[in-house]
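The listed protein sequences correspond, in order, to chains C, U, S and F. Count the first sequence with my numbering and you get residues 536 to 670, in order. Count the second sequence with my numbering and you get residues 536 to 670, in order. Count the third sequence with my numbering and you get residues 536 to 670, in order. Count the fourth sequence with my numbering and you get residues 536 to 670, in order.
Since the hints were derived computationally from the structure, they do not count as laboratory data. Heads up, a few of these hints could be off.
All copies of an identical chain are treated as equivalent in the list; a pair is satisfied when it fits inside any one copy or across any two copies.
Here are the simulated lysine to aspartate or glutamate pairs, EDC-like style, with alpha carbons at most 16 angstroms apart [claimed, not checked]: (1) K548 with D616; (2) K632 with E544; (3) K548 with E625; (4) K632 with E664; (5) K557 with E664; (6) K632 with D616; (7) K548 with E653; (8) K548 with E646; (9) K557 with E653; (10) K557 with E583; (11) K548 with E664; (12) K557 with D636; (13) K557 with E646; (14) K632 with E653; (15) K632 with E646; (16) K632 with E643; (17) K557 with E544; (18) K632 with E583; (19) K548 with E583; (20) K632 with D554; (21) K557 with E587.
One-letter residues, chain by chain:
There are 4 protein chains.
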Amino acid sequence: MSVAGRMLEAYPKDLGGVDRQKLQECIEACVECAQACTACADACLSEEMVAELATCIRTNLDCADVCDATARVLSRHTGYDANLTRAVLEACAAACKTCGDECTQHAEMHEHCRVCAESCRRCEAACRELLSSLG
Amino acid sequence: MSVAGRMLEAYPKDLGGVDRQKLQECIEACVECAQACTACADACLSEEMVAELATCIRTNLDCADVCDATARVLSRHTGYDANLTRAVLEACAAACKTCGDECTQHAEMHEHCRVCAESCRRCEAACRELLSSLG
Amino acid sequence: MSVAGRMLEAYPKDLGGVDRQKLQECIEACVECAQACTACADACLSEEMVAELATCIRTNLDCADVCDATARVLSRHTGYDANLTRAVLEACAAACKTCGDECTQHAEMHEHCRVCAESCRRCEAACRELLSSLG
Amino acid sequence: MSVAGRMLEAYPKDLGGVDRQKLQECIEACVECAQACTACADACLSEEMVAELATCIRTNLDCADVCDATARVLSRHTGYDANLTRAVLEACAAACKTCGDECTQHAEMHEHCRVCAESCRRCEAACRELLSSLG
Numbered sequence: 536m537s538v539a540g541r542m543l544e545a546y547p548k549d550l551g552g553v554d555r556q557k558l559q560e561c562i563e564a565c566v567e568c569a570q571a572c573t574a575c576a577d578a579c580l581s582e583e584m585v586a587e588l589a590t591c592i593r594t595n596l597d598c599a600d601v602c603d604a605t606a607r608v609l610s611r612h613t614g615y616d617a618n619l620t621r622a623v624l625e626a627c628a629a630a631c632k633t634c635g636d637e638c639t640q641h642a643e644m645h646e647h648c649r650v651c652a653e654s655c656r657r658c659e660a661a662c663r664e665l666l667s668s669l670g
Numbered sequence: 536m537s538v539a540g541r542m543l544e545a546y547p548k549d550l551g552g553v554d555r556q557k558l559q560e561c562i563e564a565c566v567e568c569a570q571a572c573t574a575c576a577d578a579c580l581s582e583e584m585v586a587e588l589a590t591c592i593r594t595n596l597d598c599a600d601v602c603d604a605t606a607r608v609l610s611r612h613t614g615y616d617a618n619l620t621r622a623v624l625e626a627c628a629a630a631c632k633t634c635g636d637e638c639t640q641h642a643e644m645h646e647h648c649r650v651c652a653e654s655c656r657r658c659e660a661a662c663r664e665l666l667s668s669l670g
Numbered sequence: 536m537s538v539a540g541r542m543l544e545a546y547p548k549d550l551g552g553v554d555r556q557k558l559q560e561c562i563e564a565c566v567e568c569a570q571a572c573t574a575c576a577d578a579c580l581s582e583e584m585v586a587e588l589a590t591c592i593r594t595n596l597d598c599a600d601v602c603d604a605t606a607r608v609l610s611r612h613t614g615y616d617a618n619l620t621r622a623v624l625e626a627c628a629a630a631c632k633t634c635g636d637e638c639t640q641h642a643e644m645h646e647h648c649r650v651c652a653e654s655c656r657r658c659e660a661a662c663r664e665l666l667s668s669l670g
Numbered sequence: 536m537s538v539a540g541r542m543l544e545a546y547p548k549d550l551g552g553v554d555r556q557k558l559q560e561c562i563e564a565c566v567e568c569a570q571a572c573t574a575c576a577d578a579c580l581s582e583e584m585v586a587e588l589a590t591c592i593r594t595n596l597d598c599a600d601v602c603d604a605t606a607r608v609l610s611r612h613t614g615y616d617a618n619l620t621r622a623v624l625e626a627c628a629a630a631c632k633t634c635g636d637e638c639t640q641h642a643e644m645h646e647h648c649r650v651c652a653e654s655c656r657r658c659e660a661a662c663r664e665l666l667s668s669l670g
């Protein structure tokens with residue numbers, strides 16, 4: 536089991552009715568996507584055609600920051616607040632959608648955009664799965 | 536003028552129709568609130584009655600993370616995306632509302648919660664101001 | 536291969552003489568440790584004996600922040616600067632050492648501290664491995 | 536007095552022998568520099584000559600991340616650990632030095648680099664001041 540999964544199991548109190556499997560998948564997807572977006576922004580920066588990738592870099596940076604914050608909020612269970620969790624997941628799904636769409640446009644030309652787009656899609660799906668399980 | 540204001544003035548392209556004054560105020564409020572929440576979580580941790588402040592600490596940590604991400608997203612103007620900005624501002628207003636309410640409950644007993652609650656209120660208001668100016 | 540590994544492979548330029556395997560392991564260890572420390576701080580916050588865990592929570596929060604920043608710096612290769620990489624890795628190894636030592640003291644009593652201590656040890660080792668490979 | 540200053544005053548325990556004025560200045564300089572670097576990276580991204588600014592953007596992003604983490608570590612006083620504080624301040628001074636030097640090279644051409652270089656210099660100086668006061 537992953538460290539994120541083991542930490543969820545070791546939480547000393549109730550998780551507040553959240554689906555543990557979906558929560559774990561969403562935390563892992565956010566953490567992976569944040570790293571992929573940081574790396575993709577930097578890879579774009581090293582491309583000859585960097586000027587055409589300016590929007591992609593900006594979108595990558597936003598997505599990395601929002602995914603990082605989301606992973607942190609989802610890793611906390613004390614005093615769980617469904618409203619805040621929902622608003623943060625909505626923002627994260629929006630960031631991943633925007634970044635996934637942008638990276639997809641460059642996926643045929645740049646492998647880093649292809650890998651990053653996949654991560655964004657996975658993270659967006661995981662956010663929406665968790666959102667719908669929150670009821 | 537603040538450094539945040541000077542950086543907005545020095546941006547080489549158009550800000551995409553955003554109200555510069557409201558944008559600057561919101562960036563500054565997010566940055567201030569993130570720091571206040573980080574410090575308030577730590578101050579709560581040092582109180583004798585820390586067990587009663589567990590929810591306050593958690594809420595502070597969430598608010599710090601969401602304000603940090605929001606300040607970063609708002610500091611970028613290249614390839615501006617109103618949908619993402621809106622979703623992030625909604626999440627930030629929600630985090631500040633939750634944290635401001637929680638800190639207000641301890642404001643009479645703990646000066647750090649009183650100062651932090653003020654910062655949260657200011658940041659929530661700045662997010663809502665900017666949101667409504669986005670149309 | 537992990538997403539972090541695929542992103543390293545997809546980087547369009549030279550990695551500047553860094554050992555790719557050690558770099559990948561260090562990025563992955565930082566990302567994992569940041570999440571574990573965020574979760575451990577929150578789990579400690581939910582324990583009855585939270586007052587005795589105040590230093591552990593603080594150390595967890597520091598370690599999460601330093602590991603996050605380190606993962607980001609290591610995920611960028613454009614304009615590689617060995618001096619900065621070294622200073623950041625030293626800070627990260629120090630944060631992981633402090634947090635690993637602190638969590639180890641509570642490892643018999645709290646499973647989350649045991650899992651987190653393991654993550655800190657792995658991350659400290661990965662930072663030192665990468666540091667020594669930088670020559 | 537700034538919010539950072541008020542939060543330091545409201546801390547319920549001893550600050551562990553740290554010079555409060557230097558600590559406040561360093562927190563404020565880190566927070567300001569993180570925002571300036573995030574904005575400068577984005578402004579560089581919008582310049583026609585973005586390809587020539589790739590190293591500057593990367594350095595800005597690193598400096599923002601390290602300053603953010605440093606501001607957070609310095610905002611916590613519970614269970615103060617001088618070794619960790621020192622290592623983090625060294626990394627932050629290194630990041631600010633690198634970024635200040637890089638931005639200075641573009642300061643005549645780009646106002647955002649000029650403002651950002653000033654912020655980096657201030658933050659580097661504040662880190663070194665605090666470091667030397669730690670003895």
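Which constraints among the numbered hints does this structure fail? Numbers only, ascending. 2, 3, 7, 9, 10, 11, 12, 13, 15, 16, 18, 20 and 21
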